[in-house]
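Novice: So the chains spell out like this:
2 protein chains.
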Amino acid sequence: MATINRNYLKLPGSYLFSMIAKKVNEYSEMNPGADIIRLGIGDVTKPLIPAVTKALHNAVDEMGNAETFRGYAPDLGYEFLRNAISDNDYKSRGCDISPDEIFVSDGAKSDCSNIQEIFGLDNTIAVCDPVYPVYVDSNVMAGRTGDYDEALQRFKGVIYMPCTAGNGFVPEIPDEVPDLIYLCFPNNPTGAVMKKDQLREWVDFARKNGSIILYDAAYEAFISESDVPHSIYECEGARECAIEFKSFSKTAGFTGLRLGYTVIPKDLKAGTERLWPLWERRHGTKYNGAPYIVQRAGEAIYSDEGRAQVRGQIAGYLENAAIISEGLMSAGYEVYGGANAPYIWMKTKDGMTSWEFFDYLLKEKQIVGTPGSGFGPAGEGYFRLTAFGTKENSIRAIDRLKGDS
Amino acid sequence: MATINRNYLKLPGSYLFSMIAKKVNEYSEMNPGADIIRLGIGDVTKPLIPAVTKALHNAVDEMGNAETFRGYAPDLGYEFLRNAISDNDYKSRGCDISPDEIFVSDGAKSDCSNIQEIFGLDNTIAVCDPVYPVYVDSNVMAGRTGDYDEALQRFKGVIYMPCTAGNGFVPEIPDEVPDLIYLCFPNNPTGAVMKKDQLREWVDFARKNGSIILYDAAYEAFISESDVPHSIYECEGARECAIEFKSFSKTAGFTGLRLGYTVIPKDLKAGTERLWPLWERRHGTKYNGAPYIVQRAGEAIYSDEGRAQVRGQIAGYLENAAIISEGLMSAGYEVYGGANAPYIWMKTKDGMTSWEFFDYLLKEKQIVGTPGSGFGPAGEGYFRLTAFGTKENSIRAIDRLKGDS
Chain A
1 MATINRNYLK LPGSYLFSMI AKKVNEYSEM NPGADIIRLG IGDVTKPLIP AVTKALHNAV
61 DEMGNAETFR GYAPDLGYEF LRNAISDNDY KSRGCDISPD EIFVSDGAKS DCSNIQEIFG
121 LDNTIAVCDP VYPVYVDSNV MAGRTGDYDE ALQRFKGVIY MPCTAGNGFV PEIPDEVPDL
181 IYLCFPNNPT GAVMKKDQLR EWVDFARKNG SIILYDAAYE AFISESDVPH SIYECEGARE
241 CAIEFKSFSK TAGFTGLRLG YTVIPKDLKA GTERLWPLWE RRHGTKYNGA PYIVQRAGEA
301 IYSDEGRAQV RGQIAGYLEN AAIISEGLMS AGYEVYGGAN APYIWMKTKD GMTSWEFFDY
361 LLKEKQIVGT PGSGFGPAGE GYFRLTAFGT KENSIRAIDR LKGDS
Chain B
1 MATINRNYLK LPGSYLFSMI AKKVNEYSEM NPGADIIRLG IGDVTKPLIP AVTKALHNAV
61 DEMGNAETFR GYAPDLGYEF LRNAISDNDY KSRGCDISPD EIFVSDGAKS DCSNIQEIFG
121 LDNTIAVCDP VYPVYVDSNV MAGRTGDYDE ALQRFKGVIY MPCTAGNGFV PEIPDEVPDL
181 IYLCFPNNPT GAVMKKDQLR EWVDFARKNG SIILYDAAYE AFISESDVPH SIYECEGARE
241 CAIEFKSFSK TAGFTGLRLG YTVIPKDLKA GTERLWPLWE RRHGTKYNGA PYIVQRAGEA
301 IYSDEGRAQV RGQIAGYLEN AAIISEGLMS AGYEVYGGAN APYIWMKTKD GMTSWEFFDY
361 LLKEKQIVGT PGSGFGPAGE GYFRLTAFGT KENSIRAIDR LKGDS
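Top line first, the protein sequences correspond to chains A and B. In terms of my numbering, the first sequence opens at residue 1 and continues consecutively. In terms of my numbering, the second sequence opens at residue 1 and continues consecutively.
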């Protein structure tokens, strides 16, 4: 008789953003006239830039013509895109990452959750607390953790690294050496960044101990300060200990278009085994590539026109972040992030729990945010707002919040 | 220290189609003038139909406009697409599959390889021999099999069901009861079909034993005979024992566009546990949906215009299949499949092994096919050709093959 993977039963409740969506839908159904401002899920609102829609139209025409039609994509992704990524995201920053070390995919979420498959089930993982839930949940599903401890709100067997106002939301190196270390900077949910010397300490630690850093750089495009690394490969030695994930979702508004990539240096090893061939095998066996038209869209963000338009879009979101951050501060809230990231991390009002504050904002202000506790127990009492709304909605949200503050 | 998933090391050589691609590339580089006819990998060659390119252009315009832009898709896929699938692929055939039981994805390959994750590692799997390699390889990677036995060319712990000319390439129910049964009809690679009464026996067997059938119906659109089921849910009781995978790749030439879906009935259980919530959780945690524009493209194949154009495309490929089948037969080859499927399954020439015949065809005839042994030891001495080339190339391939037959 068939049996299920019982590790799934360890997962408490539903996936955070699905849970939020359900709550908001319920509220909307009961209050059909409500004018809800959504600053919850990290979804963009600005339309695709003209360079991208032009590339898409062109590629669609190619696909409709027998002479230029393309079927299955190459396993790693089209060379035109991998070359553009290697040149623009790496070589231009002095990082020696070749096109063959880049695996194009349908997004960083898939890659961040699938990467654990190429590691043994006996690896210990370390994550920040609070943390993007996908890193932990994908390891729970695989059986790489113990049960969920309701009291601690943590899974047994996972090394949690608290990120608090006290450490500037940058984790300290843990006492116990983890095998796999998930780091995301600029951080989701706190909006914090790691300076280059801070990240270098992690690289040195991983090299010394044979750990692998799984570096999620999905928010790299929002970095506005010069001493914040855009890639972990800016740190010497990172090729020996790090895998990097990048996304077009936040950089260029591809959340509904789906494109990302993962970098695995060819010489990167876990113990004596190279990781590149394992990921190549996984990619070839379990995946069939991102759509040709979307890969062309990705290439277009690296053209002169595309780069200028992307910069404009990011600047717009960072303006929203400033509006929200400053507005919250002037309303008396304690506020973090928002300078090199699209996320604003705030303390809740009057000592409310994160979910109490969620309900308060939804019901009293018709604003949707994300409860900090949904990202881990160290996020309790915090709340995440995103800068991905429109400027108008960012201003209106602040006006509503100030209404009775 | 990080360690790898050593199950990957059990996999012999590289993924079949990657291996073929490498061999063909090497030959092309050494023979730059060679006029190679590719009838190997099951990739389509006809351009996207006008109904689809029109839908894509419209959707791209929507994505470039702030008023109509769409970010993250709903977890299960857009309702407009799931409704179209439910109505056209199921309700029209008397199958009671609701839109909420349909999970839209980037293709059947991903789903077929990921589905095993929601089952326990102690489940035994049964596959046809020969078989599409993804079913077995994904289970090897997960650790659900033993080592590879070089002599037998089979993984220990897997139940292989030989499909031979003797049983019409339809497997017999095995003595040992498997927990998970992978079936693919119309079959890849043999092109064989199961009649409804044959499939019903499998459904009855699975229900009686608590097994789950994982039914890959990717080639359903090629069925031309009336007593061949298009969906396993045409069999009574299948909702209690079957998951079905469907693809837009072969139906409408989406190999480079990426779209498929999986059906999990809400009441389907493994033992006492429902499977739908597990797959929903996986979808929500590890995946972010197929692109909006591609989901609109999928919807377009169900319009009157789209259906007519799809029918025309399929008819063209089936014409190729007939040209190849009849040509091979008149050249003295033993030939199967090709009537309800885009695949022609043939005996090699003069007792050659499958890979010998591959090399012979590549080097002497500049034709690329797929060695039958790549699909399993029962495929040794067989070879797969696809009808997905152009009509011109199908005719030219047969002319070349007849050249010295």
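For the record, the hints were derived by calculation from the structure and aren't laboratory data. One or more hints might be untrue.
Intra- or inter-copy, both count: the list cannot distinguish identical chains.
Calculated pairs, EDC-like style, for lysine to aspartate or glutamate (alpha carbon to alpha carbon, straight line, at most 20 Å) [as the list claims (entries may be wrong)]:
(1) Lys365 <-> Asp100
(2) Lys365 <-> Asp197
(3) Lys10 <-> Asp122
(4) Lys46 <-> Glu79
(5) Lys46 <-> Glu67
(6) Lys349 <-> Glu234
(7) Lys286 <-> Asp43
(8) Lys349 <-> Asp359
(9) Lys22 <-> Glu79
(10) Lys23 <-> Asp149
(11) Lys46 <-> Asp61
(12) Lys156 <-> Asp61
(13) Lys349 <-> Glu326
(14) Lys10 <-> Asp149
(15) Lys208 <-> Glu236
(16) Lys196 <-> Glu172
(17) Lys91 <-> Glu26
Novice: Give a verdict on every hint.
Specialist: A quick look at each hint next to the structure:
1. Lys365 <-> Asp100: neither (50 Å within a copy, 32 Å between copies)
2. Lys365 <-> Asp197: neither (41 Å within a copy, 60 Å between copies)
3. Lys10 <-> Asp122: both (18 Å within a copy, 18 Å between copies)
4. Lys46 <-> Glu79: neither (28 Å within a copy, 23 Å between copies)
5. Lys46 <-> Glu67: between (34 Å within a copy, 9 Å between copies)
6. Lys349 <-> Glu234: neither (39 Å within a copy, 57 Å between copies)
7. Lys286 <-> Asp43: Only across copies: Lys286 and Asp43 sit 17 Å apart there, 27 Å inside one copy, limit 20 Å.
8. Lys349 <-> Asp359: Result: close within a single copy only, 12 Å intra versus 72 Å inter.
9. Lys22 <-> Glu79: Answer is between; shortest inter-copy Cα gap is 16 Å, intra-copy 41 Å.
10. Lys23 <-> Asp149: For Lys23 and Asp149, neither the intra-copy (25 Å) nor the inter-copy (52 Å) Cα distance is at most 20 Å.
11. Lys46 <-> Asp61: between (25 Å within a copy, 13 Å between copies)
12. Lys156 <-> Asp61: neither (53 Å within a copy, 48 Å between copies)
13. Lys349 <-> Glu326: within (16 Å within a copy, 77 Å between copies)
14. Lys10 <-> Asp149: within (10 Å within a copy, 35 Å between copies)
15. Lys208 <-> Glu236: within (13 Å within a copy, 60 Å between copies)
16. Lys196 <-> Glu172: Intra 15 Å, inter 62 Å, cutoff 20 Å: intra-copy only.
17. Lys91 <-> Glu26: neither (48 Å within a copy, 29 Å between copies)
Comparing the model with each numbered hint stated earlier shows that hints 1, 2, 4, 6, 10, 12, 17 do not hold.
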